[in-house]
Amino acid sequence: MLKVRFRSILALMLALVATFTISCSSATTAATKSAPKYTPAQIEQIQEYVPALEEFRDRMSELQTMIQQRRWVDVGTFIHGPLGELRLSMNRVAANLSPQDKETAREAAKDIYSDLVRIDQAAKEANSQKAVSNFRSVLQEFDAFLNLIPKA
4 MLKVRFRSIL ALMLALVATF TISCSSATTA ATKSAPKYTP AQIEQIQEYV PALEEFRDRM
64 SELQTMIQQR RWVDVGTFIH GPLGELRLSM NRVAANLSPQ DKETAREAAK DIYSDLVRID
124 QAAKEANSQK AVSNFRSVLQ EFDAFLNLIP KA
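For the sequence shown, our numbering begins at 4 and goes up steadily by one.
Keep in mind that the hints were calculated from the coordinates and are not lab data.
If a hint is listed, it holds; no wrong ones were tucked in.
Derived DSS-like pairs (lysine-lysine); straight-line CA-CA distance at most 25 Å:
| id | residue 1 | residue 2 |
| --- | --- | --- |
| 1 | LYS154 | LYS40 |
| 2 | LYS133 | LYS113 |
| 3 | LYS154 | LYS113 |
| 4 | LYS154 | LYS105 |
| 5 | LYS127 | LYS113 |
| 6 | LYS105 | LYS40 |
Full structure from sequences and hints, please.
See below:
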């Protein structure tokens with residue numbers, strides 16, 4: 004008699020635990036899927052910086068031409084001049100991204116800045132191989148950064 008009661012209680016407890024576990028996991032999944040990553044206001048705020056970032060990206064072809072033509076003084080001037088605001092713009096966008104994307108974006112901005120410093124150093128040394136290598140990294144990292152930005 005005691006064995007039958009123990010089995011019944013054990014079966015009831017297992018059923019309750021299974022029901023509770025399934026109901027909790029379904030609710031979490033549903034809430035995660037339906038919650039938007041960004042509010043319309045956040046997207047609008049982020050989109051304010053997109054034209055400037057796209058312009059910076061478009062102007063990278065100018066830097067590429069200067070590197071190819073070995074115009075080292077122009078390379079340094081371009082990095083410190085027109086591209087001088089790039090890191091600030093990228094950090095402003097990164098600050099408004101979702102927590103998942105924020106750290107990735109900040110790391111990309113930091114990497115781009117480091118590569119631009121290396122290009123500047125390569126220009127001072129007239130080292131075209133080093134400049135080209137770091138320029139390729141800038142383009143890859145910049146494109147990865149732009150892909151993190153939510154579309155309007």
